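> Sequence:
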Amino acid sequence: MSTSSPSPALSPTTTSDKDVAALTRAWLEQAVIGLNLCPFAKSVHVKNQVRYHVSRHQDWDALSVELEQELSFLAKADPEQVDTTLFIIPLALADFYEYNDFLDWADRLLERLELDGQLQIASFHPDYQFADAGPDDIENYSNRSPFPILHLLRESSIDRAVAAYPDAAAIFEKNMATLRKLGLSGWNMLPFVVSKEQR
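Residue numbering for the sequence shown follows the UniProt record's numbering, starting at 1 and increasing by one per position.
If you are wondering where the hints come from, they were derived from the structure by calculation, not from laboratory data.
None of these values were measured; they are calculated from a predicted model.
Honestly, I wouldn't trust all of these hints.
[What the hints assert, rightly or not] No farther apart than 25 Å at their CA atoms in a straight line, the calculated lysine-lysine pairs in the DSS-like style are these:
(1) K42 <-> K76
(2) K18 <-> K42
(3) K18 <-> K47
(4) K181 <-> K196
(5) K42 <-> K196
(6) K196 <-> K76
(7) K18 <-> K196
(8) K47 <-> K76
[Claimed, not checked] Now the in silico label distances, taken between C-beta atoms and shown as ranges:
(9) A77 <-> V46: 17 to 23 Å
(10) Q69 <-> K47: 21 to 27 Å
(11) A62 <-> K181: 40 to 46 Å
(12) A169 <-> K47: 24 to 30 Å
Even for Gly, the Cβ is constructed at its ideal location relative to N, Cα and C.
Whenever a hint applies, use it, and build me the whole structure from the sequences.
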């Protein structure tokens, strides 16, 4: 296990869990839903079925324990109350490559808990970069978030969403077209981006 260094983008003494969750919610509303990057997100958002969990831990051991608790919680929770969880990590995993290593560890944790097939983990990060993209490519912004985030999802919810959206495979290409049209200057004008820059 390794120890993470704090993210320089956030001061732990001045930003509360409430502030972190609020900025994450603003990103969800303005980027994910507002730009229609995920057609499935609006439904759970308007029904208040998204759980925002902020982890203040900075080392892998403590993060893993807390992540295990959240995975178990989601697996047992009533989907009508909590359909999905955003596990937000504001003080650690600022380096995207370390974040990817932890994501691999999280997937192994999912298997150890025998929850693979029931839950899965999606990834969002301030410096997210697709394997075939350059660091400044606008396409990366479909998965860029204010903080490192592990998105805990139910497989059953994904199956229902895909069944209800006949052209799910086209979502990625549509997102790329949306982001290219918006451009980096347009992204940087989104209120949640401006708000984070002012912190």
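> Taking the hints in turn, state whether each one holds.
Here is how each hint holds up against the structure:
1. K42 <-> K76: With a Cα-Cα distance of about 23 Å, the restraint between K42 and K76 holds, given a limit of 25 Å.
2. K18 <-> K42: This hinted pair holds, its Cα atoms lying about 21 Å apart.
3. K18 <-> K47: Holds, at about 20 Å.
4. K181 <-> K196: holds, 23 Å
5. K42 <-> K196: At roughly 23 Å apart (the allowed maximum being 25 Å), K196 and K42 satisfy the hint.
6. K196 <-> K76: Roughly 34 Å separates the two Cα atoms, so the pair is violated.
7. K18 <-> K196: Roughly 14 Å separates the two Cα atoms, so the pair holds.
8. K47 <-> K76: holds, 19 Å
9. A77 <-> V46: 17 to 23 Å: holds, 18 Å
10. Q69 <-> K47: 21 to 27 Å: holds, 24 Å
11. A62 <-> K181: 40 to 46 Å: Holds, at about 42 Å.
12. A169 <-> K47: 24 to 30 Å: The hinted range 24 to 30 Å holds for A169 and K47, with Cβ atoms some 26 Å apart.
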